[in-house]
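J.: Line order of the protein sequences matches chains X and V. When we follow my numbering, the leftmost residue of the first sequence carries the number 592, and every step to the right adds one. When we follow my numbering, the leftmost residue of the second sequence carries the number 4, and every step to the right adds one.
Hints may be right or wrong, so weigh each one.
Listed next, the stretches of chain V that the computed footprint assigns to chain X, with coverage defined by at least 3 CB atoms under 8 Å from CB atoms of chain X [to be verified]: (1) 21-31; (2) 68-79.
Interface residues of chain V toward chain X, partial, derived using beta-carbon atoms under 10 Å [claimed, not checked]: (3) Val7; (4) Asn10; (5) Tyr35; (6) Arg64; (7) Phe65; (8) Pro85.
Just so you know, these hints were derived from the structure itself, not from any lab. Just so it is clear, the structure is predicted and the values come from calculations on it, not from any experiment. Ideal Cβ positions, reconstructed from N, Cα and C, are used throughout, including at glycine.
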Amino acid sequence: DSGVTQTPKHLITATGQRVTLRCSPRSGDLSVYWYQQSLDQGLQFLIQYYNGEERAKGNILERFSAQQFPDLHSELNLSSLELGDSALYFCASSAYSYEQYFGPGTRLTVT
Amino acid sequence: DQQVKQNSPSLSVQEGRISILNCDYTNSMFDYFLWYKKYPAEGPTFLISISSIKDKNEDGRFTVFLNKSAKHLSLHIVPSQPGDSAVYFCAASVGGAQKLVFGQGTRLTINP
């Protein structure tokens with residue numbers, strides 16, 4: 592158990608809809624990262640927050656947004672969903688170090 | 004532009020033998036490298052890492068080697084055990100608390 596929690600575990604929704612994925616980092620970790628893993632793909636970095644502020648952006652679509660709250664949990668919002676958004680979404684957290692610890696992921700299926 | 008590459012999608016090794024997983028990178032700014040193990044329906048689990056100032060790091064059955072001139076790193080698992088069967092990802096970063104750039108993964112199967 593990495594100490595990072597993600598909810599929900601599975602999510603099935605229709606095209607055009609909006610969903611919110613939630614992540615609670617390990618106790619004390621200030622950095623939260625979001626990654627996407629599509630079918631047979633490696634993990635692609637989406638966005639990083641550090642202590643409530645956006646720190647870095649990767650290949651994140653404009654339809655996607657995220658935030659980190661004062662209690663350090665983070666939410667990833669995906670809107671106007673398309674079939675191609677179906678993927679595993681992982682959250683990771685770290686202290687000020689190189690190692691990131693991943694949650695169990697949310698599997699999103701868009702139908 | 005794939006900055007971290009794992010050219011072997013799969014590897015099969017007999018139990019008790021050595022497993023060697025390889026990874027190549029192109030970005031010379033990377034200064035930290037990590038290996039993660041992933042089981043189906045779970046998140047990646049951190050295994051072992053190495054700083055660019057070292058060429059070897061060991062942790063139990065796992066050893067990571069870094070060849071900076073060749074921009075190549077490898078993970079050695081010895082002896083291999085059935086529980087090692089999983090997908091292994093190498094990852095790299097520039098600086099601490101920065102995004103990780105992942106390879107595509109290598110599926111390791113340990114045969115009894």
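J.: All hints are to be evaluated individually against the structure, with a verdict given for each.
T.: These are the hints, each one checked on the structure:
| no. | hint | result |
| --- | --- | --- |
| 1 | 21-31 | violated (count 0) |
| 2 | 68-79 | violated (count 0) |
| 3 | Val7 | 8 Å, holds |
| 4 | Asn10 | 13 Å, violated |
| 5 | Tyr35 | 4 Å, holds |
| 6 | Arg64 | 19 Å, violated |
| 7 | Phe65 | 14 Å, violated |
| 8 | Pro85 | 22 Å, violated |
The structure fails hints 1, 2, 4, 6, 7, 8 (numbered hints given earlier, in ascending order).
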